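For the record, the sequence lines run as chains A and B.
Heads up: the first sequence begins at 2 in our numbering, then just goes up one per residue.
Heads up: the second sequence begins at 773 in our numbering, then just goes up one per residue.
Hints listed in this document are in silico derivations from the structure and should not be mistaken for laboratory results.
Careful: at least some of the hints might be erroneous.
If you anchor each label on the Cβ, the simulated ranges turn out as follows [as the list claims (entries may be wrong)]:
id	chain 1	residue 1	chain 2	residue 2	range
1	B	Val870	A	Ser140	49 to 55 Å
2	A	Glu115	B	His961	19 to 25 Å
3	A	Ala74	B	Leu1074	46 to 52 Å
4	A	Ala77	B	Tyr1026	42 to 48 Å
5	B	Gly918	A	Leu81	52 to 58 Å
6	B	Asn940	A	Glu115	37 to 43 Å
7	A	Gly32	B	Val870	55 to 61 Å
8	A	Glu119	B	Leu838	37 to 43 Å
9	A	Met112	B	Leu1070	44 to 50 Å
10	B	Ser934	A	Met112	58 to 64 Å
11	B	Arg891	A	Ala77	21 to 27 Å
12	A	Ser140	B	Leu1075	36 to 42 Å
13	A	Glu179	B	Ser966	48 to 54 Å
Just so you know, these numbers come straight off a predicted model, no measurement behind them.
For glycine and all other residues, C-beta sits at the position ideal for the given N, C-alpha and C.
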Amino acid sequence: MSPPLLSVRDLSAGYGDEPITYDINLDVQSGTITTIVGSNGAGKSTLLKAIYGLNRKFSGTIDFNGRNIETLASVARFRLGLAFVPQGRCNFPLMSVRENLRLGGYSLRAMEREDAIERVTEIFPILRQRMSVLAGNLSGGEQQLLEMAMVLMISPKLLLLDEPSIGLSPINLSLVLENIQRIRAQGVTIIMVEQNVRGALAISTDAIVMDLGRIVVTGSPQDILQDERIAAAYLGKRAAR
Amino acid sequence: MTASAGWTIHSIQPILRSLLALALAALALAPLLSANVYVQTLGVSACLFATMAMAFNLVYGYTGLLCFAQVAFLGIGGYTAAILVTRLGWSFWVAAPVGGLLAAIAGLVVAFSSLRLSRHSFGIATLAAALLCTIVARDWVSLTRGSMGIPGLPAPEIHLGSLDIVINNPYRFYGLSLIFAVGAIAFLHRIIHSRIGRIFVSIRENEPLAISQGIDPLRYKLLSVGLSAFVTGLCGALMVFNLTIVDPSILDFYYTETMLIMVVIGGPGHFWSVLVSSLVFSILPELLRFSTDLRLVLYGLLLIAAMLVFPKGIAGLLEKRGTDFWHKRLAAGRGQVS
Chain A
2 MSPPLLSVRD LSAGYGDEPI TYDINLDVQS GTITTIVGSN GAGKSTLLKA IYGLNRKFSG
62 TIDFNGRNIE TLASVARFRL GLAFVPQGRC NFPLMSVREN LRLGGYSLRA MEREDAIERV
122 TEIFPILRQR MSVLAGNLSG GEQQLLEMAM VLMISPKLLL LDEPSIGLSP INLSLVLENI
182 QRIRAQGVTI IMVEQNVRGA LAISTDAIVM DLGRIVVTGS PQDILQDERI AAAYLGKRAA
242 R
Chain B
773 MTASAGWTIH SIQPILRSLL ALALAALALA PLLSANVYVQ TLGVSACLFA TMAMAFNLVY
833 GYTGLLCFAQ VAFLGIGGYT AAILVTRLGW SFWVAAPVGG LLAAIAGLVV AFSSLRLSRH
893 SFGIATLAAA LLCTIVARDW VSLTRGSMGI PGLPAPEIHL GSLDIVINNP YRFYGLSLIF
953 AVGAIAFLHR IIHSRIGRIF VSIRENEPLA ISQGIDPLRY KLLSVGLSAF VTGLCGALMV
1013 FNLTIVDPSI LDFYYTETML IMVVIGGPGH FWSVLVSSLV FSILPELLRF STDLRLVLYG
1073 LLLIAAMLVF PKGIAGLLEK RGTDFWHKRL AAGRGQVS
């Protein structure tokens, strides 16, 4: 087996003086989709932010693509190919689609940026017709496409998605999941936190269950969904059904 | 009903722009064509206030940092230029940029120390900096002459070969202020509409998302504060040499308040509407002088009315028209598809 793309060892992280996650051990292989599930307050988003360097690390190590990164700032981690998409709307509504895409390719050189815009608008042709429209004036689904395109601008190696479907209608939820698979097809490894357990696990290759800041179960999505005790204890009634 | 029915900001934008350009050009030329000293002096004031408002718009409107230290930058620029010229015999043309530079350095120091905490800390720190500058101007008598101020500032001179121009009357000072204002505002326009300007807006709109795009917000916030402070410091230098005196009144809260009014009524983060608003609010207090007693009451009433009619500034109203236009167009497009 090839070495993992991301390796987290004994990580404790949180905010201020209080750790939220404890002793996290995690290996993520290239080309996979790993979904982290668990109840509210389980520490899922905190773990993603810790991997991206947005909160305080108390102990432990993070290796990404063979390099130790836990002392690096978020921007430096980004340059190594780690991308993080926070919760909620992930575009700039008062800017045009083109400006959003340019910001998505902020770290690229001018020529590379324009090439990347060409590349992502081939994947999402509707955006080509909307280039000068303000992102806030796009429909919910189009905004979702734009956000995915922004992520693909830099071709990250590992993408951290924090609740990508939050606040979306059921139609847009399926669009999000479909687009996550399209991103994976571009060779991007994905770790996501998602409240919509069934939908997320259906497209995942690996699953992690967190509770009270610790990883309590790891395994295949099917095994976790089929284990009624796990589903009932950690994923809520709907997922257990 | 089709989207083309009724006017929208998009449909009349070219006409609006042409009218605005003509109006601004006429307004700019009026003091040059007028022999009236009052009009020329008002023109100088309008040029400087417009530039200050645009510099404040850069940091507050575009970057989302409520900076109360603009008045401190104005004072630092004014005092530095005045001290360098009167004590060290420097030329105004060197002293003024040094004043701007010192204002920028002061802005960077305040911003660097506070922005690492939060935007609120920045607001408080800049307010403290403005108050501190007032104390320094008033109490460091050996440097600033305290409340006496530094009077008798010499008129700036231009020596170009055989051409000697002494900028010693309102007409010439208006010419200088106009050139400065056009240059500074064009510079700010260039910044705002460049990639850097878009990054400022992205930080204002959604800082976590900007970070996730690999942007270092602190670096760009410092750049925004530094540029704004530099331009405001230059305004301070011009202002005091126009008045031929600098005293602690240059640090009066009135200037902060005026800049805030101009930007908030114009629409923070919008260029042309803030420019128009800054010109209107430079001239409006003078137009209200017909009633000395009621002047401030009328000014207050007009402000309240403006805030009620344009809660998001003039630009907010125009933007709403633009948004409605796109929503109608998108809805019409979907209707055709179905």
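Taking the numbered hints from earlier one at a time, note which ones the structure violates and give those numbers from smallest to largest. 6, 9, 10 and 13
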